[in-house]
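Chains as they are written, first to last, in the working numbering: chain C, 1 to 389; chain S, 1 to 132.
Think of the hints as simulated: they come from the structure by calculation, not from any bench. Ideal placement from N, C-alpha and C gives every residue a C-beta, glycine not left out. Among the hints, erroneous ones may be present.
[Said to hold, decoys possible] Stretches of chain C that chain S covers, calculated by requiring three or more beta carbons in the stretch to come under 8 Å of a beta carbon on chain S:
| no. | stretch |
| --- | --- |
| 1 | 134-140 |
| 2 | 150-164 |
| 3 | 200-212 |
[To be verified] Partner residues are not named here, just some residues of chain S that face chain C (Cβ under 10 Å, in silico):
| no. | residue |
| --- | --- |
| 4 | 15 |
| 5 | 33 |
| 6 | 34 |
| 7 | 62 |
| 8 | 79 |
| 9 | 90 |
| 10 | 105 |
| 11 | 107 |
| 12 | 116 |
[Stated by the list, open to error] Label pairs and their computed distance ranges (CB to CB):
| no. | chain 1 | residue 1 | chain 2 | residue 2 | range |
| --- | --- | --- | --- | --- | --- |
| 13 | S | 100 | C | 82 | 41 to 49 Å |
| 14 | S | 18 | C | 280 | 50 to 58 Å |
| 15 | S | 120 | C | 313 | 46 to 54 Å |
| 16 | C | 363 | S | 109 | 52 to 60 Å |
| 17 | S | 120 | C | 228 | 55 to 63 Å |
| 18 | S | 5 | C | 82 | 16 to 24 Å |
| 19 | C | 318 | S | 51 | 53 to 61 Å |
| 20 | C | 313 | S | 67 | 35 to 43 Å |
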Amino acid sequence: MTHPLYGSTAIAGVGLRQHKRGHSPLPERSLLVEAVIDACEDAGFDPADVDGFVSYGDDKNEPVRLMPELGTKELRWSASVWGGGGGGIAGAFGVAAGAILSGQAKAVVIFRALVEGASGRMSAAVMAHHLNDHLLATGMTSPAQLCALRANRLFHHHGVDPAIVEDLVRASYHHGSRNPEAVSYGKEFDIDALRQSRMIAEPFRLFDCSRENDGAGALLMVSADLAETLAKPPVYMLGCAQGAQAGWGDLLENDDEALFATAGMRSIARRLYEETRLTPADIDVVQLYENFDAQGVMSLIDHGFCTYENAAEVIRFDNLIADGGALPVNTSGGNLAQGFIHGIGLPIEAVRQLRGESSNPVPGARTCLLAGGPGAPTVSSAIFANEVL
Amino acid sequence: MSRFDGPDAPYWEALEDGRLMLPRCSACQTWIWPAAHRCGACHADDVQWVEMPLEATVFTWTRTWHRFGLTEDFELPFTTVLAEIAHCGIRLLGNLEDPDRVDPEIGQRLTGTIGSTRTPDGELPVINWSRV
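Chain C extracted, bound-state conformation (with noise of 0.2 Å):
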């Protein structure tokens, strides 16, 4: 039996308003209106009928104060994935489609925003999310450093060679350079950038994290029935998975051995491709986050795209990007390369990849897989297509 979120529910637009960390023109909240209305626009849409709204990464904005910048008629459902980081920005997508496919909303906004000025430093956030006494007192206390201990698990315990993660960087950066909307557009990326930049926690450098941006990004899915009569093409989604393992979790860094240097997220892959009948060679291309690049190293490994023995085969320059490589990742330049909006920015590029609508279209692509924020307590991971296969 088909699973009921295959195919049933699609992206119908997508808005992303971006700037520089301290630099928004607008508001944190009007920011995120203009996007909304941006995904509207998109899909043909009248922002008014929106009648629910999904986030996660404990964004600050309560949908019910966007009703009157928006024009709303009546809000019918709002929900946040749980988890201070980027692990529910998937599930997120689940989220919205249980809303609509049981009738409690027709047209679900997905969406996250960040203004330096309303919200604070997104890492200081997602660190208070997570912050005790256990962390204060050994000087724990960014997400950079708890990522760094699971990095140096993956290469001195597992033997992952710590060069791969430049592949990944390289990659970013060629796809961004090509990207108007990135931070790296239109600039040649020296990897002597990230080899001299300066360290942050072991084996951090300052190029191996995410950057942080202001901006806002929302995405409007509804029905695949309705999806279809709109301005756009539709990107359905096949599958949609949330949660964590036995053994994972918020457990002060005692996950399982055999789990300690993932993502996380083997469960949600393993259900993913369960629930829509793929595999990793059915993937066309991948929005990855890397929150850290070692991070997104193991969310392609948990993903089935790869091992430990032979990530370093799989995991190349050549292999990842749009121009012919066989696994694309992060064709927009990613959270590294493009900018970072606490990740909102890779479902929009899924979407614009699968219209055919991105900076480095990937020939011929059906299927495109959101991996999420690995390393998350809460992990979550989509498929999305532009065709129900």
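Since the structure of chain C is provided, determine the placement of chain S on it from the hints.
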């Protein structure tokens, strides 16, 4: 919530008292961490706190060079280990004495003493590890 209000309050009380105490299920002997009031393995609710020697091995580590907020009491760079406590497998974060900046090796044996970290909300006890 203060650290004396959570399920790991006995851990903090003992550490301030200069001892490492960790919780174990009295019924099935499973070590429980993060601390909890009941055992997820056998569902018994009889948790016993056991004093453990300050002996461990390196599970993983990092060395911090950036001045993150709330690290003001640490001299940069500082090295942190995730220490696997001997005889129980529970992993605890701790400081590693690392004056010569020699990268730790996973599995390396550690011995600990109890120190403290100054935070905006007062002193916190912490385990300082050194390599055997």
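Is 53 to 61 Å right for how far apart the beta carbons of residue 318 of chain C and residue 51 of chain S are? holds, 57 Å
Once the shortest beta carbon distance from residue 33 of chain S to chain C is found, is it less than 10 Å? For residue 33 of chain S, the interface hint holds, since the closest Cβ of chain C sits about 5 Å away, which is under 10 Å.
Do the beta carbons of residue 5 of chain S and residue 82 of chain C sit within 16 to 24 Å of each other? This hint holds: roughly 22 Å between Cβ atoms.
Between residue 18 of chain S and residue 280 of chain C, does the C-beta distance stay in 50 to 58 Å? Holds - the Cβ-Cβ distance for residue 18 of chain S and residue 280 of chain C, about 52 Å, lies within 50 to 58 Å.
Tell me if the interface restraint on residue 62 of chain S is satisfied: Cβ within less than 10 Å of some Cβ in chain C. holds, 4 Å
Using Cβ atoms only, decide whether residue 105 of chain S comes closer than 10 Å to chain C, and label the hint accordingly. This hint holds: residue 105 of chain S lies near chain C, its Cβ roughly 8 Å from the closest one there, short of 10 Å.
How does the coverage statement for the stretch 134-140 of chain C fare against chain S, requiring three or more residues with Cβ below 8 Å from a Cβ of that chain? Since 7 is at least three, the answer is holds.
Return the status of the interface hint for residue 116 of chain S: holds when the least beta-carbon distance to chain C is below 10 Å, violated otherwise. Holds: closest Cβ of chain C sits about 8 Å from residue 116 of chain S, inside 10 Å.
Double-check residue 90 of chain S for me: the hint is only fine if its C-beta lies closer than 10 Å to a C-beta in chain C. With Cβ-Cβ at 7 Å, under 10 Å, it holds.
If you look at each residue in the stretch 200-212 of chain C, do at least three have a Cβ nearer than 8 Å to any Cβ of chain S? holds (count 4)
Holds or violated: 41 to 49 Å for the Cβ distance of residue 100 of chain S and residue 82 of chain C? holds, 43 Å
Hint status (Cβ of residue 15 of chain S to nearest Cβ of chain C, threshold 10 Å): holds, 9 Å
In summary, this structure violates none of the numbered hints.
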